[in-house]
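Enquirer: Below are the chains, spelled out letter by letter.
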Amino acid sequence: MSANIDIAFKLNGIEVRSRVSPGMSALEMLRDELHLTGSKYGCGEGECGACTVNVDGLSINSCLLFAADCDGREIVTIEGLASDPHTEALKKSFVAYGAVQCGFCTPGIVMQARHLLEKTEHPTPEQIRRGIEGNLCRCTGYKKIIEAIAEASAASA
Amino acid sequence: MGAMDKTTTDGSLIGKRIPKMDAPEKASGKTRYVHDIDLPGQLHAKILRSSQVHAKIVSIDTSAARALPGVHAVITAADVPWQRPIGVAKDHLPLKADRVRSPRDEIAAVAAETEEIASAALKLIKVAYEPLPVVATAEESLKPGATLVHGEDLIVPGADGKPHVVHKASRDNVAMTFTYGQGDIAKGAAESDVVVEDVFWLHYVTHCCMGVSGVIAEFDASDNLLLYSNTQVPFLHKREFAELLGMDPGRIRIIQPPIGGGFGSKLDIYPFEPIAIYLAKITRRPVKLMFTREEEFIASPTRQPVLLKMRSGCSKDGKLTFRDVETVHDNGAYTSWGATTPFVMMQTISSLYRVPHCNYSTRAIYTNNPYAGSFRGYGNLQATFAVEAHMDKLAEEIGMDPLEFRLINAQDPGEITPQGMHFKSCGFKDCLRTAASRSDYQTKFRAARAKWNDGNPIKRGVGMASMLHVGGGAKIYPSDGCGTIIKIDDFAHVTLITGASEIGQGSETVLAQLACEELGLPMSVVSVVNSDTDIKPWDVGVHASRTTFIAGNSVVGAARKAKAKILATAGAKFHQPAEALDLRDSCVVDKASGKKLIEIDKLIRSLHFSDKADLVMTTFYYEPPSEKQDKEFHGDVSAAYAWATQVAEVEVDTATGIVKLLKVTGAHDVGRVINRLGIEGQIEGGVVMGQGYALTENLIVENGVIRNPNFRDYKLVTAPEIPDIDISFIETMDGEGPQGAKGVGEAPAICVAAAVANAIYDATGVRITALPFTPENVYRALHSNSRPPTWIAAA
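Chains H and B are the protein sequences, given in the same order.
Per our numbering, the first sequence runs over residues 1 to 157.
Per our numbering, the second sequence runs over residues 1 to 795.
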């Protein structure tokens with residue numbers, strides 16, 4: 001096996017160091033090395049969005065990002081937004097609108113919705129649908145998720 | 001939302017929009033699923049699966065894998081000679097000894113320090129095979145001289161150490177059969193003015209739970225087994241694991257962490273679970289085994305694929321005369337619950353509409369394909385697809401409006417069907433009328449036909465379909481019950497311990513609502529405990545849309561006992577008859593005037609800490625008044641039945657074959673709405689799951705191999721594609737249901753594909769009898785490049 005790599009990056013506002021293997025994904029590092037389990041493994045190939053995190057302001061499937069490539073970057077996970085008022089509004093809205101069932105996809109969709117509202121403060125319903133098309137949910141049929149994001153967006157007006 | 005909604009009285013929790021109790025944790029990413037749990041000293045397990053579809057195992061060499069640093073154990077069937085078969089027919093050994101019958105088949109397993117090491121070890125295992133002919137379809141399987149999939153008896157050592165035949169050889173590749181009949185088909189045919197016949201093909205799809213399968217197994221120092229499991233049926237599985245392992249079931253504890261989706265997929269034991277247990281037993285360490293998504297596609301059950309031949313007749317005045325159905329189910333290589341879906345299919349075939357003469361026979365056939373399990377709707381999507389296609393066809397043949405035709409034949413309250421089902425509450429006709437009127441079905445239906453030949457390649461159409469499903473449990477085991485323990489502490493905090501299991505459907509919230517409704521307490525004082533078999537009382541499991549009804553009635557029973565105890569105490573204290581008192585707003589009140597006498601917590605403290613100290617802790621076990629069916633499948637199997645009608649509106653691009661589902665208008669007889677937010681979520685999610693079944697999902701199986709085991713090629717519906725959804729609730733206030741409610745979990749997924757098929761016909765004039773309606777399949781059907789499914793020649 002190849003040598004491990006030392007990296008340093010900002011995680012949820014705090015400088016961290018990690019030693020990672022070359023093949024390790026950012027998702028594996030977050031979950032297995034740094035014990036942040038809010039980002040979920042759903043497919044491992046960027047198709048379901050359950051592992052969505054924010055990297056340098058971009059919304060990324062962390063399963064597709066090598067851990068080694070996190071070096072020098074700024075990463076925000078669902079845990080890092082625990083006291084962010086915009087995320088708090090989204091989470092409250094997800095709860096109130098019934099957008100959560102089994103909940104496995106939910107942190108990833110909250111992350112994606114947070115990113116969407118950062119770019120587009122008041123998205124149209126069509127923009128919301130398109131904004132979360134990379135996130136799969138098997139339980140809700142998406143309708144209440146779309147409504148919850150719209151409500152959070154309206155509440156921030 | 002719907003016209004039929006009852007308004008709730010002020011102060012009542014019933015019918016309100018109550019947020020799911022565990023949603024804040026889930027939305028914050030704090031919920032710990034089994035994937036998120038790691039135990040000290042835990043090893044990671046991986047499974048080596050067959051590289052062949054059907055082959056004899058000549059040799060397995062694990063020496064290099066065993067020598068890899070970090071590997072604690074490598075096991076094959078030879079290491080666990082005491083292993084016993086799993087599954088509905090006990091035809092399936094977790095680790096395969098001498099033969100593989102499917103590419104999913106487990107040959108060896110590794111427990112190692114890390115997943116990486118375990119995966120590396122798998123690559124070092126050498127297996128030599130001797131390939132056997134692949135039985136790729138049920139049709140091939142039934143041909144004379146076909147290779148036998150289970151041609152030899154399965155013999156394993158029993159508890160007495162002697163060899164026992166646990167599964168008899170199948171000399172004709174038939175795994176299971178069902179036959180049901182009522183009346184006389186020949187008589188029905190003779191009385192018919194019109195007869196239609198079709199062959200339908202219902203394809204492979206799979207559950208796609210967002211959380212992949214996984215388990216953690218650990219033995220303690222006294223050899224008690226602890227499982228962290230996603231099972232939907234923990235108490236049934238305790239017993240099954242005990243049989244598999246030759247253990248006392250009392251020494252097995254199952255903890256169910258929050259489950260990342262169930263939909264029926266977790267009703268059976270799959271090989272990975274005993275394999276993790278074997279590894280834990282051998283290594284004496286906790287062993288965690290998690291699937292990859294590809295593994296989830298390959299090694300999980302599918303919905304039962306069905307080839308279905310149906311002949312139906314009616315009279316000129318619109319009365320059904322007979323229905324004659326034969327099906328062949330591709331059982332796959334092993335037998336799980338999919339083989340038993342005829343049990344539900346026959347209910348729809350015999351009893352959704354009144355049909356005096358009816359036959360249904362089916363065979364599940366062994367092949368080398370993936371095997372089918374249970375999946376939301378349990379055969380009902382397949383049966384409803386065929387029945388509702390024929391309702392439209394017959395109506396057209398006799399020139400009758402399809403809504404009118406259905407109303408003539410629809411069941412009424414009070415009906416006892418020839419199969420013995422008693423429809424005590426039945427809002428079927430209200431469902432039909434409500435869905436039709438809210439969607440303007442009849443106008444749109446006729447308008448679409450007028451445009452069949454207008455030259456426009458973009459067509460629109462509407463289609464209607466209805467469903468009947470168990471809504472008051474299903475007595476397929478000797479008991480269909482559920483237990484509850486309610487503990488009210490000295491702060492009037494309620495611990496609600498239910499046997500029921502939660503898979504995301506919102507049972508914990510509904511059960512808490514039902515308890516609070518009885519106890520006059522707010523939702524905020526309730527904790528629900530539902531995930532540990534050492535604590536919670538017995539329950540059959542989360543299946544058959546039974547939890548609100550069965551566990552709900554159990555909660556109401558326990559809460560009423562607690563209430564009686566509190567009121568008796570208050571009555572003695574205030575020198576009033578208990579019947580004159582009630583519980584409201586966290587207080588004991590005078591029932592007539594509403595005057596507050598004392599806070600409930602204060603009263604409980606006085607009871608709890610007096611010299612005659614007592615606790616408010618009650619238990620209740622609810623067993624529904626349903627019956628097991630006899631050998632001819634007669635019997636009132638559920639305490640209540642759910643009904644629904646859905647109207648689908650589609651747009652078909654005849655130049656590309658692309659079908660867009662624009663709107664689904666659903667009317668559901670749910671008995672009564674308990675949690676409006678939760679029930680809408682069930683219906684919307686079910687509708688979209690049905691949309692996937694109809695339009696996008698297709699597990700492609702070629703010569704036993706799944707060709708698309710990933711979300712790129714297996715297409716789930718995404719947010720931009722969902723239809724408008726209009727839901728009406730028909731509240732029939734079932735006499736047995738808790739607060740009048742009936743089950744709803746499976747119902748919304750059942751009739752979508754059938755309604756879409758009828759809508760495509762309404763739009764184009766082309767009847768497609770094979771799913772899925774992908775652009776390619778629809779294009780071929782519209783342009784006569786495909787032939788409809790044909791019946792199996794050898795059958």
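These are computed hints drawn from the structure, not numbers from a lab.
Computed from a predicted model, the values in this text were never measured in an experiment.
Certain hints may be false.
Stated by the list, open to error - Quick list of the computed label-pair ranges, beta carbon to beta carbon:
no., chain 1, residue 1, chain 2, residue 2, range
1, H, Glu133, B, Gly11, 38 to 48 Å
2, B, Gly11, H, Ala82, 49 to 59 Å
3, H, Lys119, B, Asp490, 33 to 43 Å
4, B, Gly11, H, Gln127, 32 to 42 Å
5, B, Val174, H, Arg19, 55 to 65 Å
6, H, Thr120, B, Ser586, 36 to 46 Å
7, B, Arg354, H, Gln127, 27 to 37 Å
8, H, Thr120, B, Leu68, 47 to 57 Å
9, B, Asp490, H, Ala82, 29 to 39 Å
10, H, Gly13, B, Ala572, 51 to 61 Å
Don't be surprised by glycine CBs; every beta carbon is placed ideally from N, CA and C.
Enquirer: Just pull the numbers of the violated hints for me, sorted ascending.
Expert: Violated hints (numbers, rising): 2, 3 and 7; every other hint is consistent with the structure.
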